[in-house]
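Let's have the full structure, built from the sequences with the hints guiding it.
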Amino acid sequence: MNIENAQVQMRKGILEFCILHIISRGEVYASDMLEELTAARIMVVEGTLYPLLTRLKNAGFLDYKWVESSSGPPRKYYVLTREGEIFLEGMQTTWNELSRSVSSIIDKTQKNNTDK
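Note that this note's numbering gives residue 40 to position 40 of the sequence shown, counting from 1, and the numbers run on in steps of one.
Hints were generated in silico from the structure; no laboratory data involved.
From a predicted model like this one, the values you see are computed outputs, not experimental measurements.
Just so you know, even glycine gets a beta-carbon here, dropped at the ideal spot from N, CA and C.
Please note: incorrect hints may appear among the correct ones.
In silico DSBU-like cross-links for lysine-lysine, where the CA-CA straight-line distance does not exceed 30 Å [claimed, not checked]: (1) K12 x K76; (2) K116 x K76; (3) K57 x K76; (4) K12 x K65; (5) K76 x K65; (6) K12 x K108.
Label-pair ranges, simulated between beta-carbon atoms [claimed, not checked]: (7) I106 x P51: 15 to 23 Å; (8) N112 x P74: 50 to 58 Å; (9) E35 x E85: 22 to 30 Å; (10) A59 x S104: 28 to 36 Å; (11) T81 x S31: 19 to 27 Å; (12) D115 x I3: 23 to 31 Å; (13) N96 x G26: 20 to 28 Å.
What follows is the structure in structure tokens.
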């Protein structure tokens, strides 16, 4: 395994969490999600995003509405459902716990490296 593969796997693991956070702020268009994820250096392509959005919709976590666009076809804007909000709260709790745990391990490693 090389570092690039490991980085891709780590990013994939948190992609759903990040997408739900973006949508939790209010109605959002898929290309705006792609733009924000890319700006945050969580590289994702449409071929990854749309199936994930469909899966989250089918799970009852998202809904969408069509909005007419003056510059082309109608746009699909996504919103969290109440179930999605509850799911995101659970993911946030898990993220907080994992973040603390990983930071604890990294801090000990860094301390050990400086003591050598």
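>> Tell me the numbers of any earlier hints that the structure contravenes, in ascending order.
In response: Those not satisfied are hints 2, 7.
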